[in-house]
Amino acid sequence: MDRLDSRHRPFRSVVQARTVLRFGLLLAAALAIGLGYWVVSDRRNRLEGAERQSQALVAGLERVITLELRNIERAMGGISSDAHQLMASVPDQAPRLISESIAGVVSRHHEIQSIVLVDHDGTALTTGQGDPGFAGWIDAAAHGDRNPLRFGQPYALASGRWVLPIALPMPADGDEAPSHWLLTRLYTDELQAMVDGLDTGRDGLASVVGPGDVLLARSLASANNVVGRHVAGPSSEELHNDGTLIPERTSEIDGLRRVVAVRLLKPYPLQVWAGLSTREALVPWFKFVGAALVLYLLYWAMLLVMLRAVRRADRDQRELLHHIQRNSEHLRLAQHTGKVGAWALEHGSGHLAWGGDISSMFGLGGEETSSLRSFGRHVHLQDRGMLWQRFVSAWRSRSAFSSEFRLVSDDGTERWVVARGGVVEDDHGHLRMTGTLVDISERMEAMSRVTDAERQFRLIFDRNPLPFWVHDARTQRFLEVNRAASLQYGFSREEFLTMQLRDICPGGLREPGQLIQGAAAGFDDAHVSQHRRKDGSTLQARIHGSEIRFGGQDARLVLAEDVSERIEYEKELAYRARHDQTTGLINVQTLSDRLDQGVYPGYQVVYLQLRGLQPIRDSLGRETADNVLRTLAARLQQWADDFGLAAHQPDEDFVLAIVHPHHAAAAIEAAIEAVREPIGDSDGSMQRLDARFGLAEEDGSGQRAERIIDNAALAAHALESAAFEIARYDGALARRYSDRLRMAARLRTAIEQNEFELHFQPIVRVADGSVAALEALVRWPQRDGTDIPPNEFIPLCEDTGLIVPLGSWILRRAAQAQAWLKRQGCGDLPVAVNVSAVQMLQADLAGELELACTQAGISPLALHMELTETVLMNRPEQGMAIMQRLRDAGVCISLDDFGTGFSSMSYLRHLPLSSIKLDRTFVCDVDRDPRNASICRALLQLGHSLGLVMIAEGVERPEELEWLQRHGCDQVQGYLLGRPQPLELALQRVQGVAAR
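Heads up: the sequence shown runs through residues 1 to 996, numbered per my numbering.
Since the hints were made in silico from the structure, they are not lab data.
Glycine is no exception: its CB is placed at the ideal position from the N, C-alpha and C atoms.
Some clues are possibly wrong.
Label-pair restraints from in silico Cβ distances [claimed, not checked]:
| id | residue 1 | residue 2 | range |
| --- | --- | --- | --- |
| 1 | 497 | 599 | 45 to 55 Å |
| 2 | 43 | 67 | 28 to 38 Å |
| 3 | 573 | 494 | 39 to 49 Å |
| 4 | 785 | 888 | 41 to 51 Å |
| 5 | 719 | 506 | 57 to 67 Å |
| 6 | 381 | 448 | 15 to 25 Å |
| 7 | 785 | 959 | 27 to 37 Å |
| 8 | 573 | 544 | 17 to 27 Å |
| 9 | 650 | 599 | 19 to 29 Å |
| 10 | 650 | 736 | 23 to 33 Å |
| 11 | 59 | 23 | 47 to 57 Å |
| 12 | 930 | 650 | 44 to 54 Å |
All chains should be modelled from the sequences, with the hints used to inform the complete structure.
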C-alpha cells in the first residue's frame, strides 16, 4: 500500500501574487487618504456657506423687526406726549380724548391688539382692559439699552391668539417714578408673518425669542403650538461683539440639527434666530461622499479580481499533487477503518500471502506470508472443516468463494471474519485465487443483540398484564396474542390465531386512510371502540396501535385497554357537570350553551325568583324543602317538554327558556300556575310558594345567552312585591339599576366623609302649641346646592346594608344635637330618631344608643326612637325583645307610619310603646274625606284606650289641624307647623314658641 511521502511539501505562493497584493494595498491607502481629505474639505466649505446664509437671514429679520418696533415706539411716544398735555390741561376730559387718540392709532396698526393708559397697579384709565398683574412684572420687565420700552411675558387671549405686552412710562415730574404707563398689546401673529416670509428651505427655520428666552414666533409650525415655550438661548458671554452667534445645534422642538445664527436686537430685549438644516446643506456633500465611496469600492473590486486571477494558477498546481497524495491515503484509511485486507494464493504453491494490515488487524503475527496449514491453526476449531470444504470446492469449480468463520489471534481473542475471493488467470496463464478478508465481529454482535431483544420482547409481550395482540395489517388475521388478551376476551391463544379482527370488533378499529396516516406518524392516536367477548358481552376498549414488522410482513401491534368503568364514570361526571343534583334539571351554564348554539332564534328567558322555600327549610328541615324543590322542578320539567328548556339556579331560582316566541303568553301562564299550585308534603300538609318573574328576550343583536339571563334576573329583582308578577326587561331598567349602583358607591363615600346633615322638624302639642320634641331627619346636600331626597337613598341604604352605619351616624349626631340643646337651656326638649328595621335587627341598637348618649353626656330619656311596623311584621318576637330592652333603658318608643303595615292588634297591646304616629296618608284631607276621618277617629280612640300619646304626621292645612284638635289628637307635625331646618334655626322656632 502506498503511503503519504513526507518529502512532498505544498507549493509556496508565487512571487507575482505577493507583489500585486503589496502594491495594491499601498495604492488603496493613498487613495483613501486623498478621498478623505476631499470629503472633509467639501463638508467644511458647505457648512461655512450655510453659516453665511443663516447670518444674512438673521440680519434681514433683525432689520424688519427693529423697524416694526420703532414704528410702534414712535406711535406710543406720540400718544404719551398727547396724553401728558391733556392730563395737565383738561384732566376731566383727558380720558375720553386719550381714548379717541388711541383708537385712531390702533385702527392704523392692525398688528396692535390694544393700547391702554394704566396706573402703576395696572388699572385702566382709558377705554380698554387693564392688567391686574401689571405691578408684578413692570418693575422687573426687560428693556433694551437706553430704551424706555418695557417688555412683558407673552400670553394667550380667549380667542387663542397670543399678544406681547409692551409698556411705555408716562413723563413724570422731577425724579419721581412714573405713575402712569401706556400699555400696548402686540399680536405675535405679526412676528409670525415676518418669519414665515423668509426663505429658509424645507427644514430651515426662523424664530423670534422674547425676554426670558420665551418663543414668540417660529416658522415650520403653528404659532399656537410653540408661542410661549421656553427655549435655551445663548448667554451674553457667548455672543460676539456685534451680538451674533453662529452655532450648530439640535432643535428642542423638532429634533433637527441646523446651522443657526442668533442676533440680539440692541434697542430691544429680543433675539432673532435663523437656521438652515444641516441635512439640506450637506445633500450635495452626501452625493460626493457616495461617489467617492463607489470609486474606492470599484478600485478594491478590480484589485480583488486581479489577485484572484493570479492565485488561481498557483492553486491549480498545488491541488494536482494533493489530489494524488490524498487518494492514496484515503484508500489506505478506508481499508483500515472497514477492517478489510487483501490475500492471494498461487495455484499449487501452498503459500498464502496477505498485506501487513491483515496481520495487525487480526493478530496473525508480523509475517506477510504463511502456509495454508499455518493459517488453518488460527481458524477456530469448529469452523476449520467447513472452511476447507468450501475452499477446495471453489478451486475445483473455478467459482466464487465466500465463507464466514472465526479467527483466533495469538492472544486468544476470537473475531468473526468473512473471506471472499475467486480464481483468476494472469497474462502468463498462471492460476491463483485472490480476495478480501473483512472483520464482521460487530455485525455478528449486533445480530446476537437482536436475537436477545426478540426473546425479551416475547417475554414482555406474553407476561404483560395489559391485553396485547399482533394482527396482519392487510388481512387483519391475528398473528399473536398475549395471556392478558385471552383472559379479557375469553378466547384461548389457539382460537385467537384462527380468528380475524372483526370477530371481536365488528366495527373495526379505524378506516384504512386513518391506518395509513397512523403508520406514517409511527403511532396511532388512541381511540375507543366497542368490542365483544366470547360470552357475547361487550366492553369499551381504548386502542393504542403501532405499525411493526412481524415475521417478515407488515403488522400492527395493538394494546386494548378495558375502559368501560372509566367511561361510565366520565359520563356520570359529565352529567353532574351539566345538571343540578337536587332537582335533576340542567344548570344555567348548560342552558346558556344550548341557547348560544343558535337553534332557537328569538327565544325568551323567564327568570323565576322563588320565595317561601327558606322558611320551609328553617321550620320543617332541609329534606322537606328539597322534596318541595324537586316537586316544583318536576312540574317545570313538564313545562319544558311543552315550551322549551328549564334550568335550576341554586338555591331557590329557576331559569326557563321559551323557544317558540308565539307561545310566550301560554308558556308564562303555565309557569305561573306551576308555581302557584300548592305542593303536598309527606305528612299531608300543603306548602305554598311565591315567586317573581323576570322576562328578557333575544332580539337578534348577537348577545350571549348568559347576558340575556342576567337581564331577566335584573327584571325579577326590580319587582318590589313577592306576588306572582312578571316584569319585562328594558334599557331603562338597566339604567336605573346602574344609577342605583353608582349611588350606592357614592353613599359609601358620603358616609366615610360625613357628607350628610341632620335637619330638625318640631312636634307640637295641640293643647298649647308648645314644642314637644324635635324629629331628626337626615339630608344629603350636593355641591350644586341641591339635596337628594331621602326617599331615593334611604331605601337603597336598606337594600345594601349601608343603613346600619348611616343609622349609627344619625344616632350619634342626634345625641350631640340634644346635648347642644341642653347647653342652650332646652335640656327638656327630646330629639326623635327614626330607626330602620334593618338597623334594628342587624345592629346592637340598645348598645349603640347607650354609647352615643354616654359620649354626648345626655340621658337616654332625651332621645326618642321611632320604629316602623316592618319590624313587627317580619320578626315580631325579635322586634319586641329589642323594644323592651330600649324601654327598660328609659327610651320613649313611637310606632311610626301606623296603619300602613297592616299591624296585628294582638301584638299592639303587648308592645312597650309610648306613642303612635298616624301616617300622613290618613291625615291628608281628614276634614273633608269621610273615609280618612273615620280611620283617624278609630285610630285615635284605639291609641287613647291603650294609654298612648297620638301624634299626627303631615299636617299642612289649618283645617286639618282644627279637625285633629277637635277630636283629641295629642301632638301634630307637618309643614304647617314648621319645616325641617338646621338645628340653630329649629332652636329659634322653639324659643319663639316659648316666648309667645
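Checked hints:
1. The given range of 45 to 55 Å is respected by residue 497 and residue 599, whose C-beta atoms sit roughly 51 Å from each other.
2. Look at residue 43 against residue 67: about 37 Å separates their beta carbons, and that is inside 28 to 38 Å.
3. Restraint check, residue 573 to residue 494: a C-beta distance of roughly 41 Å satisfies the suggested window 39 to 49 Å.
4. In this structure the supplied range 41 to 51 Å holds for residue 785 paired with residue 888, their Cβ-Cβ distance being about 44 Å.
5. Between residue 719 and residue 506 the beta carbon distance is about 59 Å. The supplied range of 57 to 67 Å therefore holds.
6. Against the hinted window of 15 to 25 Å, the Cβ-Cβ separation of residue 381 and residue 448 comes to about 20 Å, which satisfies the hint.
7. Checked against the given bound of 27 to 37 Å, the beta carbons of residue 785 and residue 959, roughly 34 Å apart, stay inside it.
8. For residue 573 paired with residue 544, a C-beta distance near 23 Å keeps the hint of 17 to 27 Å intact.
9. Under the hint 19 to 29 Å, the C-beta atoms of residue 650 and residue 599, about 27 Å apart, fit the expected range.
10. Checking the proposed 23 to 33 Å range against residue 650 and residue 736 shows it holds: the Cβ atoms sit about 27 Å from each other.
11. Between residue 59 and residue 23 the beta carbon distance is about 55 Å. The supplied range of 47 to 57 Å therefore holds.
12. A beta carbon spacing of about 53 Å between residue 930 and residue 650 agrees with the range 44 to 54 Å that was offered as a hint.
Violated hints for the displayed structure: none, as all numbered hints are satisfied.
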